[in-house]
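Chain residues, written in single-letter form:
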Amino acid sequence: MNVKALAVAICLAAPATGQGFAGLGTEVDGFSVPQPNPTFDFPADHGAHPDYRIEWWYITANLDGADGVEYGLQWTLFRSALAPEDGTGWETPQLWMGHAAITTPTDHFVAERLGRGGVGQAGVTADPFDAWIDDWSLSGPDFDTLRMTAAGADFAYEVDLTATGPLVFQGDRGFSVKSSEGQASYYYSQPFFEVAGTLTLPEGEVAVTGSAWLDREWSSQPLGGDQTGWDWFSLSFDTGERMMGFLLHEGEDTSYTSATWIEPDGSATPYPNGAFAAEPLTITDVGGRDVPTQWQVRLPDRGVDVTVTAMNPQAWMETSVPYWEGPVHIEGSHTGRGYLEMTGYE
Amino acid sequence: MLLDVENVTKTFGAAEERIEVLRGVSLSLDAGETLALTGESGSGKSTLLHLIGGLDHPDSGSIRLDGTEVTTLDDAGRARLRRDQVGVVFQQFNLIPSLRVADNISFQARLAGRSDPDWNATLAGRLGLSSQLSKYPEQLSGGQQQRVAIGRTLAAKPPLILADEPTGNLDEATADAVLDAMLTLVRETRSALLIVTHSGHVAARMDRQIHLAKGRIAS
Amino acid sequence: MMRAGLQALLSHWTRNPLQLFTLLAGLALATALWSGVQAINAEARASYDAAAQTLGEARYAQLRRADGSPIPQQTYIDLRRAGWLVSPVLEGRAQIGAVDLRIAGIDPLTAPPGVGTIALTNGEIGDFLTGAGQLFATPDTIARIGETPDLTFLPTDGVAPDLAITDIGIAQSLLNAEGEITRLVVIPAQPLGRPPLEQIAPDLVLTAPQNDTDMAQLTDSFHLNLTAFGLLSFAVGIFIVNGAIGLAFEQRRQMFRTLRATGLPLRNLIGLLAAELILFALVAGTIGMALGYLIAAALLPDVAATLRGLYGADIAGTLTFRGGWFVSGLVIALGGTALASIGAMSKLARLPILAAGQGRAWAMVSSARLRIQAIVSVALLLAAAGIAAFGSGLIAGFSLLGALLIGGALALPVILDLLLSVGERIAKSVTAQWFWADTRQQLPGLSLALMALLLAMAANIGVSTMVSSFRLTFIGFLDQRLASEIYVSTETAEGGRLLEEFATEHADAVLPILSAETDLAGLPGTVFGARDHATYRDNWTFLSSTATPWEAVHAGTGILLNEQTARKRELSVGDPLTIGEATFPITGIYGDYGNPTGQAILSEETFRDLFPEAEATRFGLRTSDPEALQETLIYDFGLDASAIIDQAGIKAISLDVFERTFSVTTALNILTLAVAGFAILMSLLTLAGMRLPQLAPVWAQGLTRRALGRYELIRALLLAALTTLVAIPLGIVLAWALLAIVNVEAFGWKLPMYLFPLLYLRLTLLACLAAALAALWPARKLARTPAAHLLKVFSNER
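Chains as they are written, first to last, in our numbering: chain Z, 126 to 471; chain C, 146 to 364; chain S, 130 to 927.
The reader is advised that the hints may include incorrect statements.
Said to hold, decoys possible - Only part of the chain S face toward chain C is listed, based on derived beta-carbon distances under 7 Å:
(1) 567
(2) 830
(3) 831
(4) 922
Hints in this document: simulated from the structure, not taken from any laboratory.
Backbone N, C-alpha and C fix where the C-beta goes; we use that ideal spot for every residue, glycine too.
Please build the complete structure, drawing on both the sequences and the hints.
Listed below in structure tokens is the structure:
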């Protein structure tokens, strides 16, 4: 079976691709569509929303090992619905995809899992919180206290996450607009996780501590039809402030940007299109692709003008739908660490 | 009378292409007599010879050889006639290529059941073929091949010998020598000889001559 | 100039339509037989590939329930949640439309690459996954299923016949197997930290991936037969074409000279001739491909039945047209033409413009040439003997076959010439003497056709002997292996224990079939545990053994090994063989035909010591009344009738398989002989024109035309009969080479050779019949030649 066709199906592609990255810009048919002024209902909204086409639970972490080495960690569970229905049995149209990675300054370990909803192989329950695919899971008594596990053929990790701040709602109180045509998603984050746990690498086990950022997002057509990829930054400054910013590619030279400024207490300020800017500084050859691995990032309104540099430029996710995802260092007007995700460079 | 031919006709081809080769020819030949049949090309002299030898059969008329009516014989009867009563020498391709000279000479006599090894040897000697007996026909010259053919005809001592331009492919000197040998031996065996030739020189050496023109006897 | 030249060249063929026909027909027949056989092989191979691809899970490790019962779906989920990357497969049969369809349900999301590989380009993955009822099958299978309102069948290549691949959810509902899984395919790369299998699913057993179960390997011997036939037929056809081209060349010698004298450069002349031949090759090749397609289509059902019965390989009984096959057929036709015209072309290149016009007849072979032929032939036959004695490897095996066949073919005219000259010498009557001499003279003109007949005969004898020997050996082998009157199987080990208990009371003897996969001298193999019983001692024959092989095995001091493993590892009786921790001396080596893997036999006790976990679910039962025992098993024990196989039934099926094999072999026998007969006919017709000057003097001296015709017929029969005298020994040597050398190299077992005099007699009669049929028309023509035609030989004048 054609893995590509499958991956595209997982990522919501209907028959024809070319509809934005991984089909995320495809027309909606029968699915619910995010509406402005949302009201969230927790803990239920931490769980799955099967009447929306795409949804994810996305954690990235910047960690320091007991061995003095810096590590990056990724754990992602994607849900993708072929139809706005749920249920049990093989014919349930809910498909799941998990991605896990550990990035070291010299290596990048990746694993991927695919699974069917309806038979118990993968899913998410809200209370108590449990998100799983196969042996990977993100679970805990509540959303502030989670244990995160994953394993691949050559790596594994088991870490505990403890929230030290509130949830942060992106865009207009959690309604995040993605294009000038009005495509949007529901989007909130938990950027205040403290992390402690163990990584298993080919060299052996390493105890790690650090911080993590969780993104929750669901929609049915999050991208505009002409949007072919994005560059997404989650930056944690040494001052305790956080910033999320993304840039959506629209054709050759135009882009749509959005950003959120997060105070150490969790109060957030959204910025509309144009306020945030990111320009590639260094292009690296990553397995034959030209990928920008150093950026000049600006949010003039907050005096941010920083250079964002990949810790390991080769952090390519060689999964069914490939992309770049890895830890970054921040220098310039502000310093700190963060994560960068880049799609559409295939 | 050995041979009596009466009013024989023969036509070749069909419809508009019909050629009347013989238009009522009569002739006769006594035992031991030699007769030359002359005429232009296409006068029908070879055809007449074929009819007499039972190689072909006429449209009408009668051919009696030694009292047997040749024209009413079936295929097997004519084959018997050729084997037992007639010896034929043609202009070319007289010999069986797969057999040696000795076997070619004795072939017809053995078929007819009257082969005489002494006579065969005599014939070979008289025809100057003694040293050629174990050769194959293709190894001989044209004159030698015709001598073998003559030897073959005489080996069975048939009452009638038919010869169709036997020296036609040979040069004059060779032709004379072959003809001499043939006439001498024919006289010794008391066979009758009917020879088709367009050479006046050859014809003059026969007892009688008949000239054929446009399918009829001219003189 | 070129156009005029081509016109002149082609005018030859309009004046000699028979020669043109010979050339085209020879080439078409050669292409037809070759391509027909190739089409059959390609079809079969495509089917194996499809079968391998369909559920190409054999190369992955798998999990099953030890007792063979279905795995609950929850066990699959438990395994996945524990980190075991496995993918479910559900298999079963269901009557769908008009077909008893094999259904394989897979989960494409978890399946490893290569399992259930189907072209989804014309389907939508969403429909496949969400129960919309998509099934993939071959167009042929779909056509036979007919209308199915609830199911959507999508045509695809690369699926085995009568198999549909679908999502596991659909398979569960079609097979009434909700929540059931037949087996789990284990993905090679597993994550770290996976708990052991016993902790999660203790009732599942892991079977290792099998690398050697390649269907093509099993069936190669069958295809080798077909290919040998195809190749020999092609060679025969090329002989015909070579003859026709050679004749046309000789007859056009004068024309070539004239063309060159009028200014056509030699290079252009050769170019024109090449163009002419390419045109013919394309025309004849296309006709041949059409014929080949018909041959293949006619034979394929029997081939399919043979393969299914003999090896369990499923191939479709219908033929698919493959473009690559057509092109390769045309290439073969072009190549064959090139091969057949090398001689004539090189002669043309060396032909002086002003050579003497008179040449010997085209096929006249001088005794000098005959001598060279004899020397080459002897050299080739000596080379064959050398290869047989010292060569090794499959290439050597095929070189041996080649040297034998070509050497034999070249020897034929020499031997026939000798025999005919003897005949001539001892002939009494003048007609007989002439007949022998004349026959000998015809020999050069007929020798190509006779060589073709020789090759066809030798191939037929060789392949028939091989197939028949295989049959006898195989039947003997079945008698040995299927000594028990009844074979029963149970689904579970528990059932096996109960059955053994029950059967012990009702049968004369119960022989459990205990087996385990193990390593045999470094090769993957199976070891069996045999109960101490006279059945084995009485029925088994060994290729080599000690005086008391079974006694040693039952005393725990010996092991029996199959031939292919012994050959591969160069083991013989007395050598030690290690199974697990224990080592035994080999006390017997036995034939094990049709099995590509290693096999060894220990006593039941020794086996149970070494493999305590193995349990018998299959049993052989000895009884004097099989029917009564079957009834007892069904009605008193409650065994399903399908779990019982009686020995007579298996043997009947096996014999039927061989009858099918024979019908294919016989059909090819007749086809190749027909081609050889055609070669004779064409040679005789070609010679007929030249023969008049040879026959006319005989006729003039007192033989009837009817008699001459009769002799022509007798001559053809005599030559055919003499050819078979050479063909029979050659064919037997060929069979020996196939059985004792090629088979050993290709499959690892040597088959004993048996001779089949009646078969050879029948083939001889067939060959004579072919020759007589071929000679009938020329003979009739000769018997009816008008006297005028014969007389024309003697003079140019009427």
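Going down the list of hints, with the structure as the test:
1. 567: holds, 5 Å
2. 830: holds, 4 Å
3. 831: holds, 3 Å
4. 922: This hint holds: residue 922 of chain S lies near chain C, its Cβ roughly 5 Å from the closest one there, short of 7 Å.
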